[in-house]
Amino acid sequence: MTEATASEATASEATASNTTVNDAASGGAAATGFGPGASGRGRPARTANLLYGETETELRAAVRGLLADKAPWRDVLARTETGQTCDDGLWHTLAAEVGCAGLLIPESLGGAGASYREAAVVAEELGRTVAPVPFLGSAVIATAALLAAGDTEFLPELASGAVTASLAIPFAAGTRTRPESTVRLDAPQRGDERGEYRLTGTITGLADALPASVLIVPVDSVPYGLYAVRVSEPGVGKRPLVSLDMTRQLSEVRLEQVLARRIAAGPAAEQAVAAALLAGAGVLASEQLGLAEQCLDATVAYVKERHQFARPVGGFQAIKHRLADLWVSVTQARAAARYAADWLAAGFGPETTMAVALAKAACSDTALKAAQEMIQLHGGIGFTWEHPAHLYLKRAKADSIGLGTADAHRASLDVLANLPAPE
Amino acid sequence: MLSDKTDQGGNGQLPDADALRSQVAEFLAAHDPGSAERLEFLRARFDAGLAWVHYPAGLGGQGLPRSLQVVVDREFTAAGTPSNHPERNGIGLGMAAPTILAHGTPEQKERWLRPLWTGEEIWCQLFSEPGAGSDLAGLSTRAVRDGDTWTASGQKVWTSSAHMAKRALLVARTNPDVPKHEGLTYFALDMKQPGVEVRPLRQITGEAEFNEVFLTDAQIPDADRIGDVGQGWTVSMSTLMNERVSIGGNAMPREGGMIASAARTWREHPELRTPGLYDRLLKLWADAEVARLAGARLRQQLAAGQPGPEGSAAKLVFARLNQEISEFEVELAGGEGLLYDDWTLRRPEGANFFGRNPGFRFLRAKGNSIEGGTSEILRNIIAERVLGLPKEARVDTGPWKDLPR
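Note that the protein sequences, when read in sequence, are chains H and E. Residues in the first sequence are numbered consecutively from 1, following our numbering. Residues in the second sequence are numbered consecutively from 1, following our numbering.
Careful: at least some of the hints might be erroneous.
[Said to hold, decoys possible] Here are the computed lysine-lysine pairs in the BS3-like style, where the Cα-Cα straight-line distance is at most 27 angstroms: (1) E:366 <-> H:369; (2) E:283 <-> H:397; (3) H:304 <-> E:391; (4) E:283 <-> H:369; (5) H:369 <-> E:391.
[What the hints assert, rightly or not] Away from chain E, derived, C-beta distances all over 10 angstroms, residues of chain H: (6) 55; (7) 80; (8) 190; (9) 236; (10) 242; (11) 256; (12) 375; (13) 379; (14) 385; (15) 398; (16) 401.
No lab work stands behind these hints: they were computed from the structure. These figures come from a predicted structure and were not determined experimentally. The beta carbon of each residue, even a glycine, is placed where N, CA and C say it ideally should be.
So here's chain H without its partners, still in its complex pose (with noise of 0.2 angstroms):
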């Protein structure tokens, strides 16, 4: 008869090997890293909220809102045949009116000083509409690098929405290990200052790239080192590529001999874009999220209405199991996000870690079953340009290989949970 108590969405000692009690719950980044040494195994000290808060469901209003409005899936498919395909417009209206672009950024610096709680249920939201909006990129991957690299020159006009930034790295990296740059430390030029550097190399398969003016450069120098590159500044070059997803286009940048000005190096620089990828698997994963219970709730309202046989189809067995399951998975995906959402707002950690890889796990798998739903239980129409379903499915399929696939999310419980793998 004993009841449930407050403790138990705090992970047990049960793989904890090593006994020190680690301290995600304090912030600040310095567990975060790639490697096994960013995983090692503690007892977390705090319990997760996996609830939705007032302010969050009021955010998640204000966003909805304004989605229903200004991005309805006809103009985002219309969209997407344009030279014009992330949606300017919607961007500095949801940074203006709503404050999303500066979530994370404290107040000191023109944001709201919200958390990765508040950044997920905007992200759910996106997803619900995929629309095209550099969010994931700028609001929370590049200020995520920035803030953890502690570099505030760009933060006031991210907040505002004035600058977009991008981190670049392919989308396709994963969060364990350091992506390899394609970026190399250039010779300065004469009349270059201390502190100037010069960039070159391409990059290739960003995400959020084609609206930012300003890129987070990774170059693999001696010492490791994380460059701010201005978009205007000569020798730089954006070609947009023919995307799965033309809901959040990917492009490949080009810099040649560029002037770029250093904002991390070494450990601090390594630190901070593991904090952003690993942010940005955690807020992708709300982003799956929101898009799988769309796909869910677009089917269910179809099958009610949609007769075959002089009956609704959403009265026959098989279509109603299948929802069912679906339903379920949706209930798992999100306890799984909002525990990563809510221990990125503690801080990095092994937990945090943990939490990302499973949801970002849970998440991938069921945004994908859900669009592939929908598509076959709207039928016929589902298989059509003029029907949104294909749009979701595009996204949750490039969703589900951004920032880590769930299978690579998942090998790493091999340290995370102490499963090793086969010699």
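Using the hints, position chain E against chain H.
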């Protein structure tokens, strides 16, 4: 001082954990667990409102939030006091008690809840029949009234604990001339009488956790009817809701479920590891952990007063994971997986996955998607009640006696 507060009803300030702790300390000062007789101690604990604090005053509780129960349990356990052995009376505590609380008369609550809680009276559940599994409302056990006594006859099946039980929750047909859901009545049946025969029903595991129960003119005083005549379906639903909450809904630590033994074997036996099994293990471990978080989230919703429909997902996921994990575990065991620990007909006191070999878990888990509502019925419930999809076309709406069987 504490009871003063609760006596004030809604106006009083709720006692906090510290106040409860001192209440337990006062109780222990007055009832030395070292010298008190076991049952006397448990009865006194019940009478002091320290049995289940979320039950009403006078019925073993104090009308407090359920979340405070753990405080009390911890104090009593720490003091080494006698246990009411809740594991022996899962149906009594998990299903009978909430049903009696919700639908019983004041006299019934007074009479049944104390011996139920102390473990003096084990309860079982006479619901399923050979001809009524998923279609519980179609059951045929008849109860006929003669003055103040009902006479019940029929066959029940899948009855855990019947061989130990003093009382049973019984649903019987009292009116065959109306549609099936309307002709049922709910009773508490005295199991220790000549009209009740209990036979072990052996399962695929070799043991017999449950029984067949044959009722032949079993007698039930009308005072033991729970709810009105014809209201049996409504009362049954509250019992079943509690059953589904109790299956798959318990709090547990990371690696607290069936994944524990699979992970332990994996860690201790590097020679058993293969790439294919590894992929499965990682997926199962991650899914089990996410299911655990979903359970934690559900309880946070309940604690915050925002109950959602997510509870019906928990049992489905629990059944699937238990089956997949135990399948994995037997395969991981290789040659050992070809062995079984014991086929002897045994009568365990409850379902317990541990302390047996992987083959037992593999077989026992097959019951998880059948007991307490099959996974197929749960999917129907989710589809219809959560997602609002249309119900199946029904052919069983006429009087029960005219339905094909």
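Item to check | Numbers of unmet hints, in rising order | outcome: As far as the earlier hints go, not one is violated by this structure.
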